[in-house]
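J.: Sequence:
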Amino acid sequence: MHPRRASLARAAILSLAVSACSRTVAEPEPPPAASGAPVAAPLAWEAPGSWAALEAPRAGPRKALYKVPRAADDKDDVEVQVLSFGLGSKGDVEANFREWFAQFDGDVGARARRESFEVRGMRVELVEVAGTYKIPLGPQGGARRRAPVEMVKDGYRLVGAAVRTPDRGNWFFRMVGPDETVQSARSGFRSVLESVR
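Numbering (mature numbering (1 follows the signal peptide of the UniProt record, and there is no 0)), first residue to last: -26 to -1, 1 to 171.
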């Protein structure tokens, strides 16, 4: 084999080996600069090695998506979504929390567990609710933006967080699924939040 090709092959193998490490760094690509002004780097974090990174769309608010390993008796998957709406009003923390709470039966927001802490100069607001979750089936429509049909799941839990950044807008981390799996993944979720930079 030609020496240059051998070097390229070794570099490709090394790159694959590094990307297969148990800890991953998720770092969405920054949007292109519209002017010569400097653009703040996107938020970065480390996800637990046991979480499977799924492909997230390149456009839109979803910046990353992970599948969490199921607990022994749970039959449904748990996903962790990472969302960023930029600096506009869609990134309002309380509005997003209310929208998440509305996906459960009853007034779960009134009894939500809340906590906040600081990470590298960013305020993290954490919420947790449990109950009967309504999964929309089909396109959302109407004044309340609800799907015409919903699948109802008892025994679900949501752990969500907003990371308030000074120059990159608010970023949202949302884990929802069967209670046992979400509870077993709670410490990993918190480690993601503590790793943001």
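Source of the hints: derived by calculation from the structure; they are not laboratory data. There's no promise every hint is true.
Claimed, not checked - Quick list of the computed label-pair ranges, beta carbon to beta carbon:
| id | residue 1 | residue 2 | range |
| --- | --- | --- | --- |
| 1 | Gly129 | Ser161 | 14 to 22 Å |
| 2 | Pro110 | Pro31 | 17 to 25 Å |
| 3 | Glu20 | Gly112 | 33 to 41 Å |
| 4 | Ala27 | Ile109 | 17 to 25 Å |
| 5 | Pro35 | Glu89 | 17 to 25 Å |
| 6 | Met125 | Pro31 | 16 to 24 Å |
If you're wondering where the values come from, they're calculated on a predicted model, not measured in any experiment. Quick reminder that beta carbons are idealized off the backbone N, C-alpha and C, glycines included.
J.: Evaluate each hint against the coordinates.
T.: Outcome of the hint check:
1. For Gly129 and Ser161, the hinted distance range of 14 to 22 Å is satisfied, since their beta carbons lie about 20 Å from each other.
2. About 18 Å separates the C-beta atoms of Pro110 and Pro31, a value consistent with the hinted range of 17 to 25 Å.
3. Checking the proposed 33 to 41 Å range against Glu20 and Gly112 shows it holds: the Cβ atoms sit about 36 Å from each other.
4. One distance hint, 17 to 25 Å for the beta-carbon pair Ala27 and Ile109, holds here, with the actual separation near 22 Å.
5. For the pair Pro35 and Glu89, the supplied restraint of 17 to 25 Å holds, since their beta-carbon distance comes to about 24 Å.
6. Distance hint check for Met125 and Pro31: the Cβ-Cβ separation is about 23 Å, which falls inside the suggested range of 16 to 24 Å.
Consistency with the previously given hints is maintained throughout, with no hint failing.
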